[in-house]
Amino acid sequence: AQSVTQPDIHITVSEGASLELRCNYSYGATPYLFWYVQSPGQGLQLLLKYFSGDTLVQGIKGFEAEFKRSQSSFNLRKPSVHWSDAAEYFCAVRARGSTLGRLYFGRGTQLTVWP
Amino acid sequence: DGGITQSPKYLFRKEGQNVTLSCEQNLNHDAMYWYRQDPGQGLRLIYYSQIVNDFQKGDIAEGYSVSREKKESFPLTVTSAQKNPTAFYLCASSAPRTGKQPQHFGDGTRLSIL
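Chains as they are written, first to last, in my numbering: chain A, 26 to 140; chain B, 955 to 1068.
Next comes chain B alone, as it looks inside the complex (with noise of 0.2 angstroms):
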């Protein structure tokens, strides 16, 4: 079956490190997004993608990079210039730039520090 597959499910940072998570689809879908969520926050996009070798930053970018060297794949990485990541952290792509698609979902990465 199609899907969005996250991992690790939980990831610990240590101070001063840069952790990355993964993001993979086999949906054949062009966008993906990168979404931070904490307690009675909802989800604050972080970066989406369009396209491949094309990002853009979402509102609450600072401390995180990505890539999207293949249409698959979202890396997100945690750099140790955000001073607070504790959260989860959810993935999300859809289908071209229609509007209507909805965006589908992984199962997010709990990052925790140390």
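This is chain A alone, in the form it adopts within the complex (with noise of 0.2 angstroms):
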């Protein structure tokens, strides 16, 4: 069965640091990946997404995420976090050539930025 795994549950960084998010999923083939951020009482906001080519892929607010088929994962990373970096994100999946174009998330990962 499918499944997507986020290990962090909470992780706390100060403002300028690097981030580095970890999303790994299983499946049978590489699914669409996903990854999306949630301010508190907010609804999901895309970030970036990835189908295929380049594994680097860019997102908006800075983020990219690296694929990488061999260790399946989808990491989401940024080289200086700001403090309105604060929020959950969600990795999702997606199966390939779907029609019933449902998403599965990952617990998600709760970012604390201190200042």
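It is worth saying that the hints were derived from the structure and are not from the lab.
It should be emphasised that the depicted structure is a prediction, and the values quoted were computed from it without experimental measurement.
Each hint should be verified, as a subset may be incorrect.
The list that follows gives simulated cross-link-like pairs (lysine to aspartate or glutamate, DMTMM-like), each with its CA atoms no further than 25 angstroms apart [claimed, not checked]:
(1) Lys1025/B x Asp1008/B
(2) Lys1037/B x Glu969/B
(3) Lys74/A x Asp1061/B
(4) Lys86/A x Asp33/A
(5) Lys963/B x Glu1023/B
(6) Lys74/A x Asp984/B
(7) Lys86/A x Glu40/A
(8) Lys963/B x Asp110/A
(9) Lys1025/B x Asp1061/B
(10) Lys1054/B x Asp79/A
(11) Lys93/A x Asp33/A
(12) Lys86/A x Asp110/A
(13) Lys1011/B x Glu1026/B
(14) Lys93/A x Asp79/A
(15) Lys963/B x Glu113/A
(16) Lys74/A x Glu45/A
(17) Lys1054/B x Glu89/A
(18) Lys1054/B x Glu113/A
(19) Lys74/A x Asp110/A
(20) Lys1054/B x Glu91/A
(21) Lys1025/B x Asp1013/B
(22) Lys1011/B x Asp984/B
(23) Lys1054/B x Asp984/B
(24) Lys963/B x Asp984/B
(25) Lys74/A x Glu113/A
(26) Lys86/A x Asp1061/B
(27) Lys1024/B x Asp1013/B
For the chain B half of the interface with chain A, some residues (derived, Cβ under 7 angstroms), not all of them [as the list claims (entries may be wrong)]:
(28) Ala985
(29) Gly996
(30) Leu997
(31) Leu1044
(32) Lys1054
(33) Pro1056
(34) Gln1057
(35) Phe1059
(36) Asp1061
The calculated label-pair distances, taken between Cβ atoms and stated as ranges, are [claimed, not checked]:
(37) Leu71/A x Ser1066/B: 27 to 37 angstroms
(38) Gln995/B x Ser77/A: 25 to 35 angstroms
(39) Arg1064/B x Thr30/A: 20 to 30 angstroms
(40) Gly970/B x Trp108/A: 43 to 53 angstroms
Beta carbons: idealized from backbone N, C-alpha and C, even for Gly.
Two chains, two separate frames, one set of hints: put the complex together.
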């Protein structure tokens, strides 16, 4: 069965430090991959997505993610974190070629940024 | 601007009462989804609909019902059979079934028990 694992429930970083949020998936074939961000009391906003091709994808707000097939991972990175990046981050996958369109989400990683 | 509107933002339910959460989209998306979010559990799929007048159960459909009479609207009813309804509910939509289209989310409804 498909699953998405975000190993880190909570991460704390200092403003200006680099960030990496981990995401691993379990699927029969490489799925479509997404990262979303959620501010408190809000809906989810798409940060970036990977379908095929270049394994390093750029997103909004200075985020990027790297797809590694050998590790079934899609880790999110940012070189220098800003206080406004404090939020919860979700990795999600969708089966390639799926006609149902449903996403499977990880449990999320809460990011705290210290000034 | 196009988007998804969920209402109300906060909702309170009494014991034995059914409540309905509204979700409207003007993105011309075919597919719509309802998720339940609890702390530390991510998003769990309640129901989804690919076209008007058709919908499927997700992973946690018990105690919930939906309808899809119009393309723009996908209301969720939390019935009295749902014994633990306190949660944050998110509605989402996506374009036709290409698989590559991301889901767009509303701002959620927080449901609490009185």
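Hint check results:
no., hint, in the structure
1, Lys1025/B x Asp1008/B, "holds, 11 angstroms"
2, Lys1037/B x Glu969/B, "holds, 9 angstroms"
3, Lys74/A x Asp1061/B, "holds, 21 angstroms"
4, Lys86/A x Asp33/A, "holds, 21 angstroms"
5, Lys963/B x Glu1023/B, "holds, 23 angstroms"
6, Lys74/A x Asp984/B, "holds, 20 angstroms"
7, Lys86/A x Glu40/A, "holds, 15 angstroms"
8, Lys963/B x Asp110/A, "holds, 24 angstroms"
9, Lys1025/B x Asp1061/B, "holds, 19 angstroms"
10, Lys1054/B x Asp79/A, "holds, 16 angstroms"
11, Lys93/A x Asp33/A, "holds, 18 angstroms"
12, Lys86/A x Asp110/A, "holds, 9 angstroms"
13, Lys1011/B x Glu1026/B, "holds, 19 angstroms"
14, Lys93/A x Asp79/A, "holds, 11 angstroms"
15, Lys963/B x Glu113/A, "holds, 19 angstroms"
16, Lys74/A x Glu45/A, "holds, 16 angstroms"
17, Lys1054/B x Glu89/A, "holds, 18 angstroms"
18, Lys1054/B x Glu113/A, "holds, 23 angstroms"
19, Lys74/A x Asp110/A, "holds, 18 angstroms"
20, Lys1054/B x Glu91/A, "holds, 18 angstroms"
21, Lys1025/B x Asp1013/B, "holds, 23 angstroms"
22, Lys1011/B x Asp984/B, "holds, 17 angstroms"
23, Lys1054/B x Asp984/B, "holds, 14 angstroms"
24, Lys963/B x Asp984/B, "holds, 24 angstroms"
25, Lys74/A x Glu113/A, "holds, 17 angstroms"
26, Lys86/A x Asp1061/B, "holds, 20 angstroms"
27, Lys1024/B x Asp1013/B, "holds, 24 angstroms"
28, Ala985, "holds, 5 angstroms"
29, Gly996, "holds, 4 angstroms"
30, Leu997, "holds, 5 angstroms"
31, Leu1044, "holds, 6 angstroms"
32, Lys1054, "holds, 5 angstroms"
33, Pro1056, "holds, 5 angstroms"
34, Gln1057, "holds, 6 angstroms"
35, Phe1059, "holds, 4 angstroms"
36, Asp1061, "holds, 5 angstroms"
37, Leu71/A x Ser1066/B: 27 to 37 angstroms, "holds, 28 angstroms"
38, Gln995/B x Ser77/A: 25 to 35 angstroms, "holds, 31 angstroms"
39, Arg1064/B x Thr30/A: 20 to 30 angstroms, "holds, 27 angstroms"
40, Gly970/B x Trp108/A: 43 to 53 angstroms, "holds, 45 angstroms"
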